[in-house]
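Asker: Spelled out, the chains give:
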Amino acid sequence: MSKVSFSVNGEVRDLELDTRTTLLDALREHLHLTGTKKGCDHGQCGACTVIVDGRRINACLSLAVMHEGDAITTVEGLGSPENLHPMQAAFIKHDGFQCGYCTPGQICSSVAVLEEIKAGIPSHVTADLTAASQVTPEEIRERMSGNICRCGAYSNILDAITEVAERQA
Amino acid sequence: MKPFTYERAASPAEAAAAAARMPGAKFIAGGTNLLDLMKLQIEAPAHLIDVNGLALDRIEPTPEGGLRVGALVRNTDLAADERIRRDYGVLSRALLAGASGQLRNKATTAGNLLQRTRCPYFYDTDQPCNKRQPGSGCAAIGGFSRQLAVIGHSEACIATHPSDMAVAMRALDAAVETVKPDGTARSIPIAEFHRLPGDTPQIETVLEQGELITAVVLPPPSGGRHFYRKVRDRASYAFALVSVAAVVQRDGTGRVALGGVAHKPWRVEAAEAELPRGASPAMQAILADARPTRENAFKVTLAERALSAVLAEARG
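Residue numbers (this note's numbering), protein chains in the order written: chain A, 241 to 409; chain B, -13 to 302.
Derived from the structure by calculation, the hints contain no laboratory data. Using N, Cα and C, we set each Cβ at its ideal position, and we do this for glycine too.
Covered stretches of chain A (chain B as the covering partner; in silico rule of three or more C-beta atoms under 8 Å from a C-beta of chain B):
1. 276 to 286
2. 346 to 355
3. 359 to 369
Result set (DSBU-like, lysine-lysine): computed pairs, CA atoms no more than 35 Å apart in a straight line:
4. A:K243 <-> A:K278
5. B:K(-12) <-> A:K278
6. A:K358 <-> A:K278
7. A:K358 <-> A:K333
8. B:K(-12) <-> B:K25
9. A:K278 <-> B:K25
10. B:K12 <-> A:K243
11. B:K(-12) <-> A:K243
12. A:K243 <-> B:K25
13. A:K333 <-> A:K278
14. A:K278 <-> B:K12
15. B:K25 <-> B:K12
16. B:K166 <-> A:K243
Use the sequences and the hints to build the structure in full.
Answerer: See below:
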């Protein structure tokens, strides 16, 4: 067992955990924040994507005890049914899901993707490494490739992200 | 996952000393590969030494005019660094061709070098694998070998090294800096860092027990045009079937390293004299000793075509 303290959606949480506990299991099983989903549990599907200190990561491939002092944002921290995050509203408007299981990961990832483009982080499809990144469908598709949607809602997810990006611009 | 104890290291030298002292100890940084393998019980360290607190996360200029990349610099930060994008484009391109945005945010420079093969038989614990269980045999030889090595392999192992980043570093002639448990430091040329499998495929690098990577040093910029061309089964988020890291100068000379073909990034310096004559003679020299299986013979042709595309772009 090992002690760890980090903030989740702005609230400090103190936990005593088996060292084997992943951040994903700490969120779901210990803090009962079940918005973050366990898909493959091996970093291949992106359903567990959360934002840690402003960066998206796979919560399944990270030990909870390694997050001492970190600020973690899950889908519950982005918005609520009464007060949706713009990305959540856009996913609903564009029908960016079918079964919804991958959706919290898709939404956390897409919020972070727009921040990464704003921060000038290039991607595999960025033509000129020395120029500023643009929000294009090709860029969004590439940057979202770590989030799998088995229902195949990709084109609607792309529309939702594009709308939020355009509104932010 | 098997149970393990956990500590946060206070300094690189102490981390190395602790790793040498504790049998079955491993360093953990990003953890994206290690935790995956621990869940499958392919890795079962008794003790984890968390090195994230060590101040090894900076990219600094060297007196020689190159860059020293701290072992803990995340793949995203290395790929996005303005100096890397301007002067070492092949490295930025290789990093961005690997994994997903989420993984690149966690994965570190040193961890990327030390990642294990994605050979399906290494991952399948019901199968023999000399790398996972020395002496058990190799199910990949004679098995599903489409993704596996075409050169430098042995009767014991035909696994490939999965990194994109390391292939670019090989083309750039990077050096790996380490600290040993006794506190001494050394610099290992990337060409000598990864081993060929031979009859001990479980030993993948020249690192000694407890030795910790502290940085990767890039020599001064070589100029030229930089390319990383990766061919894979999906457009994104897949390992290379073949990749070509190349730096091509205006006069047609250059350097080429290949990924996806061997147990280490594959480069044959002597073959690079053929580059001005075109992709076909150059690749024939680079892969002269290739012994592909029936399933992966296509990689030899694919490597030549990928290089041909790179050289055409360099001319264009």
